[in-house]
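Input sequences plus hints: build the corresponding full structure.
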Amino acid sequence: YPLDQIALFTKNHQLSGGKSSLSDYYTAGYNSAIFDKSLRQQVVFSDHSLVLFSRPSINPLFETAADAYGTALLGIILTGADNDGAAGLRKVAAEGGIAIVQDPALAYSPTMPKAALAECPSAISMTLPQIAAYLTSIV
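Everything in the sequence shown is counted per our numbering, starting at 1024 for the first residue and increasing by one.
By construction, these hints were calculated from the structure, which means they are not laboratory data.
These figures come from a predicted structure and were not determined experimentally.
Hints are supplied without guarantee of correctness; some may be wrong.
Now the in silico label distances, taken between C-beta atoms and shown as ranges [as the list claims (entries may be wrong)]:
1. Asp1105 / Leu1158: 20 to 26 Å
2. Ala1128 / Thr1159: 20 to 26 Å
3. Lys1042 / Ala1156: 42 to 48 Å
In this text, a Cβ means the ideal position worked out from N, Cα and C, and glycines have one as well.
Shown next, in the form of structure tokens:
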């Protein structure tokens, strides 16, 4: 791996809960790094940053789809423990798409649905059976 990527890898490692620098796990030389075999077997290295601690992230997916499909797009946020997807769902609604959020009171983890409703007040809150019935009705 190129040495100029190590700082980014270390930052992502620490944002994801890692307590140390990745320099504890590699040997450097000639502008590249070789990671310990034990680490290579347990970690996937990527050359791009995480979005809201996630990869893939819902926000870029929804934002890109909203740009491409506009009013023909339907975005749904279900249970989750982060706020990923909230900004993307706002973009779906802003481009004329339909924004649906699982009822936070009934979600296993209500953080994502609550964040989505706060970020996108025009989103429709539904129970899972209501979402299923709606999707069935439009197909």
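Hints, verified against the model:
1. The beta-carbon spacing between Asp1105 and Leu1158, approximately 24 Å, falls within the hinted interval of 20 to 26 Å.
2. Under the hint 20 to 26 Å, the C-beta atoms of Ala1128 and Thr1159, about 23 Å apart, fit the expected range.
3. Distance hint check for Lys1042 and Ala1156: the Cβ-Cβ separation is about 46 Å, which falls inside the suggested range of 42 to 48 Å.
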